[in-house]
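Quick mapping for you: the protein sequence lines, in order, are chains L and A.
Residue 68 in my numbering sits at position 68 of the first sequence, and the numbers go up by one each step.
To convert, take the position in the second sequence, counting from 1, and add 130; that gives my numbering.
It is worth saying that the hints were derived from the structure and are not from the lab.
Please note that the accuracy of each hint is not assured.
As the list claims (entries may be wrong) - One side only, chain L facing chain A, incomplete, derived with CB under 7 angstroms:
{"id": "1", "residue": "Glu25"}
{"id": "2", "residue": "Gly29"}
{"id": "3", "residue": "Pro46"}
{"id": "4", "residue": "Gly47"}
{"id": "5", "residue": "Pro73"}
{"id": "6", "residue": "Arg75"}
{"id": "7", "residue": "Phe105"}
{"id": "8", "residue": "Phe112"}
Stated by the list, open to error - Examples of chain A residues lying across from chain L (beta carbon under 10 angstroms, computed):
{"id": "9", "residue": "Ala146"}
{"id": "10", "residue": "Tyr148"}
{"id": "11", "residue": "Met150"}
{"id": "12", "residue": "Ser152"}
{"id": "13", "residue": "Gly154"}
{"id": "14", "residue": "Ala169"}
{"id": "15", "residue": "Tyr178"}
As the list claims (entries may be wrong) - Derived DMTMM-like pairs: lysine to aspartate or glutamate, alpha-carbon spacing no greater than 25 angstroms straight-line:
{"id": "16", "chain 1": "A", "residue 1": "Lys200", "chain 2": "L", "residue 2": "Glu111"}
{"id": "17", "chain 1": "A", "residue 1": "Lys206", "chain 2": "L", "residue 2": "Asp74"}
{"id": "18", "chain 1": "A", "residue 1": "Lys206", "chain 2": "L", "residue 2": "Asp59"}
{"id": "19", "chain 1": "A", "residue 1": "Lys206", "chain 2": "L", "residue 2": "Glu25"}
Quick reminder that beta carbons are idealized off the backbone N, C-alpha and C, glycines included.
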Amino acid sequence: MSTERPAVLPKNFLRPCLLLLLREERAHGYDLLERIQSLGFDGSDPGGLYRALRGLERDGLVRSVWEPSETGPDRRTYEITRPGMEELHATAKGIAAGHETVAGFLSRYQEFVSLPRAKSLLRSTSSTPR
Amino acid sequence: MSELELLRIRDEVLQAMYWMRSEGLAERPSANDLATFLAVSPTTLGAYLDRFAEEGYLDRDGELFSLNAKGEEAGKRSFADEFADLTRPTHGECDADCWCHSSPEEAARCLEERANVH
């Protein structure tokens, strides 16, 4: 029986990832769908992205405006709001704290079993300046 | 179902179809495609799509649905309306060219005025 499991990500990880992408630069939906793949998502769920963006917009964390397109209908372009930046910062701090907890867990587990990917994680953690 | 609830569902469907189309994801989605996109039951959604087609918002080609001119206009308008209040600058936010950037006193007045709007 295979023991391969997908990476364990924080709950609703898509939301902070979208905030991060929009913190980098404003974007429309398809652009976000492509760029989200660099953060561990496979980009095969445009509906999930759409619903997440609507949720973020309802919560006031992003806002969107119409952007004329030369090749088709006008598109919604999204940008992060100030509350969105604050939410992103708070979430990033929580993830950083969780990262240390997970690193501690993996370090103790590896006293019994070697995990190649966990080793690289621990190396990057220990080499990161504080 | 109340008329208000029906309008809400219609807006949601037309907005989603407009978004899919404008992002180049799907011109003519099926009921199943839309149900997956909106994370709702395809059976339930299918009945609504038939109704919205009868009301003249959608064109139907077999299992596929597309926005016609009326549906596209309604989807785009309701999209903007739904988030109109949220796209205005909120407390602590204003445009880069706002007069309040000229001095700390102006900034304080700007903040107070925006706070009093709500």
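Against the structure, the hints come out as follows:
no. : hint                  : result
1   : Glu25                 : 16 angstroms, violated
2   : Gly29                 : 4 angstroms, holds
3   : Pro46                 : 5 angstroms, holds
4   : Gly47                 : 3 angstroms, holds
5   : Pro73                 : 4 angstroms, holds
6   : Arg75                 : 5 angstroms, holds
7   : Phe105                : 33 angstroms, violated
8   : Phe112                : 40 angstroms, violated
9   : Ala146                : 7 angstroms, holds
10  : Tyr148                : 7 angstroms, holds
11  : Met150                : 7 angstroms, holds
12  : Ser152                : 4 angstroms, holds
13  : Gly154                : 6 angstroms, holds
14  : Ala169                : 6 angstroms, holds
15  : Tyr178                : 16 angstroms, violated
16  : A:Lys200 <-> L:Glu111 : 65 angstroms, violated
17  : A:Lys206 <-> L:Asp74  : 9 angstroms, holds
18  : A:Lys206 <-> L:Asp59  : 21 angstroms, holds
19  : A:Lys206 <-> L:Glu25  : 24 angstroms, holds
The structure is inconsistent with the numbered hints 1, 7, 8, 15 and 16, although it conforms to all the rest.
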